[in-house]
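> Listed below are the residues making up each chain.
There are 2 protein chains.
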Amino acid sequence: MNPTIELLQSHRSIRKFSDRKIPGELFETLIRAGQSAATSNHVQAYTIIHVVNTENRRKLAELAGGQAYVADSSDFLVFCADMKRSTDAAERAGAEVVRGMTEQLLVASIDTALMAQNVAVAAESVGIGLCYIGGIRNNPAEVSELLRLPEHVYPVFGMCLGYPGQNPELKPRLPLASILKEDYYQDEHDQAQVAEFDSTMREYYLARTGGNKDTNWSEQLKPLFTSKLRPHMRGFLKDRGFEMK
Amino acid sequence: MNPTIELLQSHRSIRKFSDRKIPGELFETLIRAGQSAATSNHVQAYTIIHVVNTENRRKLAELAGGQAYVADSSDFLVFCADMKRSTDAAERAGAEVVRGMTEQLLVASIDTALMAQNVAVAAESVGIGLCYIGGIRNNPAEVSELLRLPEHVYPVFGMCLGYPGQNPELKPRLPLASILKEDYYQDEHDQAQVAEFDSTMREYYLARTGGNKDTNWSEQLKPLFTSKLRPHMRGFLKDRGFEMK
Numbered sequence: 001m002n003p004t005i006e007l008l009q010s011h012r013s014i015r016k017f018s019d020r021k022i023p024g025e026l027f028e029t030l031i032r033a034g035q036s037a038a039t040s041n042h043v044q045a046y047t048i049i050h051v052v053n054t055e056n057r058r059k060l061a062e063l064a065g066g067q068a069y070v071a072d073s074s075d076f077l078v079f080c081a082d083m084k085r086s087t088d089a090a091e092r093a094g095a096e097v098v099r100g101m102t103e104q105l106l107v108a109s110i111d112t113a114l115m116a117q118n119v120a121v122a123a124e125s126v127g128i129g130l131c132y133i134g135g136i137r138n139n140p141a142e143v144s145e146l147l148r149l150p151e152h153v154y155p156v157f158g159m160c161l162g163y164p165g166q167n168p169e170l171k172p173r174l175p176l177a178s179i180l181k182e183d184y185y186q187d188e189h190d191q192a193q194v195a196e197f198d199s200t201m202r203e204y205y206l207a208r209t210g211g212n213k214d215t216n217w218s219e220q221l222k223p224l225f226t227s228k229l230r231p232h233m234r235g236f237l238k239d240r241g242f243e244m245k
Numbered sequence: 001m002n003p004t005i006e007l008l009q010s011h012r013s014i015r016k017f018s019d020r021k022i023p024g025e026l027f028e029t030l031i032r033a034g035q036s037a038a039t040s041n042h043v044q045a046y047t048i049i050h051v052v053n054t055e056n057r058r059k060l061a062e063l064a065g066g067q068a069y070v071a072d073s074s075d076f077l078v079f080c081a082d083m084k085r086s087t088d089a090a091e092r093a094g095a096e097v098v099r100g101m102t103e104q105l106l107v108a109s110i111d112t113a114l115m116a117q118n119v120a121v122a123a124e125s126v127g128i129g130l131c132y133i134g135g136i137r138n139n140p141a142e143v144s145e146l147l148r149l150p151e152h153v154y155p156v157f158g159m160c161l162g163y164p165g166q167n168p169e170l171k172p173r174l175p176l177a178s179i180l181k182e183d184y185y186q187d188e189h190d191q192a193q194v195a196e197f198d199s200t201m202r203e204y205y206l207a208r209t210g211g212n213k214d215t216n217w218s219e220q221l222k223p224l225f226t227s228k229l230r231p232h233m234r235g236f237l238k239d240r241g242f243e244m245k
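Chains as they are written, first to last, in the working numbering: chain G, 1 to 245; chain D, 1 to 245.
Since the hints were derived computationally from the structure, they do not count as laboratory data.
Chain copies aren't distinguished; within one or between two, either way the pair holds.
Dumping the calculated BS3-like pairs for lysine-lysine here, alpha-carbon to alpha-carbon at most 30 angstroms:
1. 213 <-> 16
2. 181 <-> 16
3. 59 <-> 228
4. 245 <-> 59
5. 181 <-> 59
6. 213 <-> 228
7. 181 <-> 21
8. 245 <-> 228
9. 171 <-> 222
10. 59 <-> 16
11. 228 <-> 171
12. 238 <-> 228
13. 238 <-> 181
14. 181 <-> 171
15. 238 <-> 222
16. 59 <-> 238
17. 222 <-> 181
Take these sequences, add in the hints, and give me the full structure.
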């Protein structure tokens, strides 16, 4: 194994940061590393909002479900899927542009995720920690208004960046055989693999909490899938021009 | 800059591969590196199909729009967004599960992209080249049938992996100021930045083709947005249980 693979395998979300700030030049290097990620048809369907304004960071921390580190980390980014820049450019070049296709939502969301993950890896390679903030989709209309996002742009997730003020354990992952299949989707061992992983996670939670958190992976997923998760997303995306035609 | 950031910034898609095969143990290391990526609520909403069967790889190369390297690379992967494993697990644990939410499509697609980008970075760190195959969404129903994907699983993109048989130039990216904004989405310089990038891309295409390809970024985007891009995706996803409620 080489240092890059070791780095990838040592990822943990950081939710407590030191006061040390990320230098501006280094920050730009991380974003440029993000831009180097693969992009579908060279569209580069993303825009990052670097939220510097203190009051807006406080508001975003609230809108994301009361996550203090959104306000407290050195830097906070909102990664937006952006179908505006590229479709506007094609329109100015004379195309009669079709917008709102489901495929465009996918392209833009995937482009954004690939570039964000490069930013994450670049950050960790210089000792910066991070956590993704999916909670930005708790109140995406309010977030969009605060960041003045135009139509055809939507906030996919946030990212807190900063020097770690904690050193959490690695969180286990599903058995390799569970997520990697040869030639066909075979799930005859799925229940056994999930049961194995449930044991792993139970041990992990017990060890981390001195025996207090007696749960497992399947149990932890229950509340997530019992309720309608972020039921506003369909209507929100439609309002923003992602009509999913 | 450190070696990891240099590596990220040196990414190019590889579409021509040598005959050298990726050793099995190394292959597994790359996938494990993928698993270390951040995942929304620990859901790990992805499954990779490693397509080994030669006939199936030939079929997939055709289904993806006649991309020979899908059949010729050392390894070909189909990265699938998987909401089946986790919702099944929650259901077995006693939850009355809600499926088909738009948010679940996003979570699974983003989880899949983050993990794939880690696989890509890990691969490049050991000298393996790759290209993403969005063309897998040209005929997603046929791909799903071939790979026997169950409901609540859909093929997001493919990835060719192998040792490079070509050494392409880096492809330029949009100016940093175009994709990185402070506090608010500001697009008053957008046209100028795109015009600057159009010049950059024109030079790039001319230089690569000995003066034959006289085009730019905006021109290249026109056919992509003039037609309805992959108009089957909405219906396909609905059929697969991604109803986008």
